[in-house]
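Numbered per this note's numbering, the sequence shown finishes at 1134, counting up by one with no gaps.
These are calculated hints, taken from the structure and not from any lab test.
Here are the computed lysine-lysine pairs in the DSS-like style, where the Cα-Cα straight-line distance is at most 27 Å:
1. Lys926 - Lys1054
2. Lys965 - Lys1002
3. Lys927 - Lys1122
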Amino acid sequence: MTKRTKEILELLDKKYSTEYKCYLHHETPWQLLIATILSAQCTDARVNIVTEKLFKKYTSLQDFADADLVELEQDIRSTGFYRNKARNIKACAGAIMEKHGGEVPRDIEELTALPGVGRKTANVIRGNIFHEPSIVVDTHVKRISKRLGFTVSEDPEKIEYDLMKVLPEDHWILYNIQIITFGREICTARNPGCEECFLQDYCLEYGAQKKKKRKTADKPGK
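Given only the sequences and the hints, what does the whole structure look like? Please build it.
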């Protein structure tokens, strides 16, 4: 780990603490799996509203496997892309019941073999349920990791591996949690709060903007 990376992580720890937390409400591994599938292109807040009722109606994986597809679509409609999500949830629940004895698997290959489960969802499960060091590349992690110079890639899987190389393994899960909070509060996609940002000295984008402003100010007539 470089001195620069160490300093960034220390500032994140100081700002957001080192407490592990999950923004998606759940009581069981399968509930988190379904909530994570629902979270694609949807806010965690909206998913939590939907799952509060959903998990009272469907109280087991078998209930989801046996669910009427059209009815399930309506139950999750407000999360967006509800037809694909309903189909994947029903198929995923069925696959876990049939192939894994009703237990959410731990292995990433087994997880990503489930319908509707990619590396992002699999890593959410591995990190939050099984406490396996894992990096979840969501929109915040992708955007901010590029701004911090940890990656130049647009591909989530490549970004995941880039972060594995630069971050210490014991900080992988924590980095996810901290960056999501940071991305929501300060380093937003549009109009980020650069002037109040505690990482501005490490941000490539902020540095480029300052350099551009200096060049503009130095032009004759300015």
